[in-house]
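Colleague: If you want the building blocks of each chain, they are given just below.
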Amino acid sequence: MLRILCFCSLLFVLFTGASLPSTVSNLPDVKVKDLNGKTVSTASFSNNGKPIIISFWATWCKPCIQELMAIHEHYADWRAQTGVKLIAISIDDVRNSAKVAPFVKGKRWQYEVYLDENEEFKRAMNVANVPHTFLLDGKGKVVWQHNSYLPGDEEKLFAQIKKIANLK
Amino acid sequence: MKYSLHFFLVIKLAIFFINATLWAQDTTSKEVGKVNGVIQIDAQSYFPDSTIETTPVPEKMLMNSFANFTYTLGNFTAGVRYEAYLPRPLLGVDPQYGAPGGKAGIALRWATYTYKNFSLTAGNFYEQFGSGLTLRAWWAPLLGYDNAMDGIRVAFNPYRGIYLKGVYGKQRLFWDVGPGTVRGADLEVDIAELWDTTYRSPTRINIGANFVSRYQAATGKIPQNVGAWATRLQISRGGFTFFAEYAYKINDPGEVNKQIYRPGQALYITSSYFGEGFGITLSAKRLDNMDFRSDRTQTGQNLQINFLPPLAKQHTYRLPTLYLYATQPLGEMGIQADVVFNLPEGSKLGGKYGTNININYARIHNIKRQWGVEQGYDSPFLAVSDSLYYQDLNIEVQKKWAPKFKTTFTYMRITYNKDVVLGLRGFGEINLHALILETAYKINTNHSLRSEIQWMPVSEKKGTERDITSGSWVMLLLEYTIAPHWFITVWDEMNYGNERTNKNLHYYSGMVGFIKDGFRISLGYGRQRAGINCVGGICRPIPSMNGFSLSISYTF
Chain A
1 MLRILCFCSL LFVLFTGASL PSTVSNLPDV KVKDLNGKTV STASFSNNGK
51 PIIISFWATW CKPCIQELMA IHEHYADWRA QTGVKLIAIS IDDVRNSAKV
101 APFVKGKRWQ YEVYLDENEE FKRAMNVANV PHTFLLDGKG KVVWQHNSYL
151 PGDEEKLFAQ IKKIANLK
Chain B
1 MKYSLHFFLV IKLAIFFINA TLWAQDTTSK EVGKVNGVIQ IDAQSYFPDS
51 TIETTPVPEK MLMNSFANFT YTLGNFTAGV RYEAYLPRPL LGVDPQYGAP
101 GGKAGIALRW ATYTYKNFSL TAGNFYEQFG SGLTLRAWWA PLLGYDNAMD
151 GIRVAFNPYR GIYLKGVYGK QRLFWDVGPG TVRGADLEVD IAELWDTTYR
201 SPTRINIGAN FVSRYQAATG KIPQNVGAWA TRLQISRGGF TFFAEYAYKI
251 NDPGEVNKQI YRPGQALYIT SSYFGEGFGI TLSAKRLDNM DFRSDRTQTG
301 QNLQINFLPP LAKQHTYRLP TLYLYATQPL GEMGIQADVV FNLPEGSKLG
351 GKYGTNININ YARIHNIKRQ WGVEQGYDSP FLAVSDSLYY QDLNIEVQKK
401 WAPKFKTTFT YMRITYNKDV VLGLRGFGEI NLHALILETA YKINTNHSLR
451 SEIQWMPVSE KKGTERDITS GSWVMLLLEY TIAPHWFITV WDEMNYGNER
501 TNKNLHYYSG MVGFIKDGFR ISLGYGRQRA GINCVGGICR PIPSMNGFSL
551 SISYTF
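Protein chains in written order, with my numbering: chain A, 1 to 168; chain B, 1 to 556.
Worth flagging that the hints you see were computed from the coordinates, not collected in a lab.
Please note: incorrect hints may appear among the correct ones.
[Claimed, not checked] Here are the computed distance ranges between Cβ atoms for each label pair:
no., chain 1, residue 1, chain 2, residue 2, range
1, A, Q81, B, T316, 33 to 39 Å
2, B, G300, A, D77, 28 to 34 Å
3, A, D77, B, K404, 15 to 21 Å
4, B, D49, A, R79, 51 to 57 Å
5, A, A80, B, R160, 56 to 62 Å
6, A, D34, B, S213, 50 to 56 Å
[Unchecked claim] Quick look at which bits of chain B chain A covers, simulated, 3 or more residues with Cβ under 8 Å:
no., stretch
7, 131 to 141
8, 279 to 287
9, 438 to 445
10, 516 to 526
Note that the Cβ used here is the ideal one computed from N, Cα and C, for glycine as well.
Kindly produce the complete structure, drawing on both the sequences and the hints.
Modeller: The following block contains the structure:
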């Protein structure tokens with residue numbers, strides 16, 4: 001147990017000291033499907049030089065839905081201010097994937113949603129668990145990421161979006 | 001001591017890798033490529049606690065961990081996965097991952113080259129054909145499930161709207177591969193894309209077909225090459241979508257189907273419609289003798305080639321996860337209806353901030369069989385047996401009352417055939433209700449308080465068996481979060497009215513966690529009630545435990 005605690009404190013020192021630079025850049029090229037069944041390559045995600053949020057979620061994941069609902073409340077505002085686009089990647093497998101489109105429309109979400117049924121894109125992005133959110137700058141480079149969701153995280157995300165939108 | 005040493009070595013190795021990666025970050029440039037990855041460590045200590053009937057763990061502490069490293073240079077990607085189970089896997093995960101004395105090393109390695117519309121992978125890979133009725137190689141690390149293939153995978157898009165995939169290889173079996181070889185090809189044609197280059201056609205039609213064959217040496221009249229094929233159709237227009245897939249498998253006598261020569265069949269149909277603020281999904285499924293493995297002598301979660309998910313809502317609130325349903329690949333028929341709607345903000349029913357409602361119903365039966373024929377049994381295609389496996393009616397109402405306050409109310413009514421789902425005897429049919437109230441209060445921009453009150457009255461028939469989790473349950477959970485870094489959660493699950501223990505048993509726990517960017521760590525302490533981990537139609541028991549738990553994940 002002592003070793004575990006030592007290890008924790010070591011990791012704390014390692015990770016809390018400095019802000020970690022994110023190195024994932026220019027998205028991996030794997031195939032996902034849009035809600036009409038069309039195959040789309042993840043390398044083709046773009047937003048005309050404006051920032052993109054990529055949010056990994058699932059219909060059974062409560063914090064994911066909490067996060068997407070929280071962003072939904074501000075989304076029109078965020079778009080108008082920064083031109084940001086949110087791409088929601090559902091990792092629901094066949095058990096739930098047919099429910100994704102009705103689920104999204106039932107909640108009136110305006111996001112661009114894709115199905116990653118066998119978690120190919122999730123693995124390519126090295127996501128351990130959902131929710132996991134990435135922020136891409138206008139060049140498609142990951143500049144920020146966040147694992148899990150705690151209420152209020154959306155404010156931090158928006159601060160990051162504003163930062164990169166202004167840098168342009 | 002030896003085990004602790006192993007554990008310590010693994011951690012040292014992990015730190016070495018982290019450092020190596022940080023170093024790699026500094027030297028990243030277009031010429032040398034880049035390294036990305038993810039590390040996950042889950043450790044648990046086990047204290048003996050006779051009140052909750054814990055399983056003795058002489059090693060005192062167990063750990064599962066993995067680290068994926070991916071190297072990318074232009075069109076080329078290569079990766080390895082390091083895994084460690086020391087001194088053996090966590091309770092609830094198949095002990096064969098640990099072998100005697102613990103196991104750590106490179107479990108997977110692969111290289112992929114992608115050029116324009118062509119992609120080739122050598123080594124380990126995952127794949128899914130259609131909805132997976134004939135083939136799905138996938139990975140669920142927390143459940144200890146991994147049927148990765150080891151061989152060659154090709155994906156080719158020769159013309160717009162035409163997608164071809166081929167796989168050839170063996171499947172992972174813990175630290176080895178199974179004896180059978182799996183070969184398969186899948187074709188999907190997106191008709192709208194094929195005809196209409198602008199993709200503006202309002203109607204989309206996708207058709208697909210695949211063939212999968214497994215070779216495993218055998219003697220006598222047992223087929224060595226077992227073929228399975230499937231065909232699928234998806235039509236969508238506006239808010240309407242229809243999907244159907246049918247699969248057929250030739251006779252494949254094995255351990256799971258008790259060596260019968262009957263061919264297998266599967267049909268999965270789902271249709272959905274949505275408008276703004278409204279969505280409905282209806283699905284139906286029939287399975288008949290569809291267990292398909294790359295080794296006919298294997299059982300459990302080992303060497304499964306196909307994927308047959310249950311047609312029921314995936315519950316995630318803690319108490320009802322005690323009664324998770326798992327698909328019965330040998331035969332079941334089920335239907336499901338799911339309705340989602342939003343009562344808009346400002347409306348009479350929706351209130352000032354709007355209300356979201358989800359209603360879901362699922363019912364799953366055994367198929368009707370007539371035994372005694374040469375192939376084993378006979379079952380007319382749509383014949384349903386009276387034997388009920390699972391029924392679930394649930395409703396969820398999510399309402400925001402004020403800018404800082406919202407609630408989610410859930411009600412469930414579940415009938416669960418414990419004997420069938422868990423492969424037990426004497427427990428019979430369990431009936432339960434669950435009432436859950438979740439509240440979330442935002443104190444200020446960063447501070448929030450969340451609570452869950454769960455009540456699950458369970459009724460069991462007189463004279464049936466009881467175990468440590470029988471009887472009814474109440475649970476209370478409190479969570480305080482400080483965005484974007486901290487969370488602290490405490491909860492207590494109380495078991496009452498259990499004729500076996502005859503007393504109220506408390507399972508209290510606490511957890512504190514820290515998150516920064518792609519890094520997450522949590523440390524917990526407490527009692528954890530027994531449960532089940534269901535994947536691939538099989539539920540593995542997770543015994544009760546008492547101790548510390550540590551979980552770390554890091555994406556870089």
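Colleague: Taking the hints in turn, state whether each one holds.
Modeller: Hints versus structure:
1. Range check, A/Q81 to B/T316: about 34 Å between beta-carbon atoms, so the 33 to 39 Å window is met.
2. A hinted range of 28 to 34 Å is violated for the C-beta pair B/G300 and A/D77, which are about 51 Å apart.
3. Restraint check, A/D77 to B/K404: a C-beta distance of roughly 18 Å satisfies the suggested window 15 to 21 Å.
4. Checked against the hint of 51 to 57 Å, the C-beta distance between B/D49 and A/R79 comes to roughly 53 Å, which is consistent with it.
5. For A/A80 and B/R160, the hinted distance range of 56 to 62 Å is not satisfied, since their beta carbons lie about 35 Å from each other.
6. Restraint check, A/D34 to B/S213: a C-beta distance of roughly 32 Å breaks the suggested window 50 to 56 Å.
7. Given as covered by chain A, the stretch 131 to 141 of chain B passes the check, having 5 residues with a CB less than 8 Å from a CB of that chain where 3 are the minimum.
8. Closer than 8 Å: that is the beta-carbon criterion, and the stretch 279 to 287 of chain B has 4 residues meeting it against chain A, so the requirement of 3 holds.
9. Counting residues of the stretch 438 to 445 of chain B whose beta carbon lies closer than 8 Å to any beta carbon of chain A gives 3, which reaches the threshold of three, so the coverage claim holds.
10. Figure legend: the stretch 516 to 526 of chain B, annotated as covered by chain A; annotation consistent (7 residues with Cβ-Cβ distances under 8 Å, at least 3 required).
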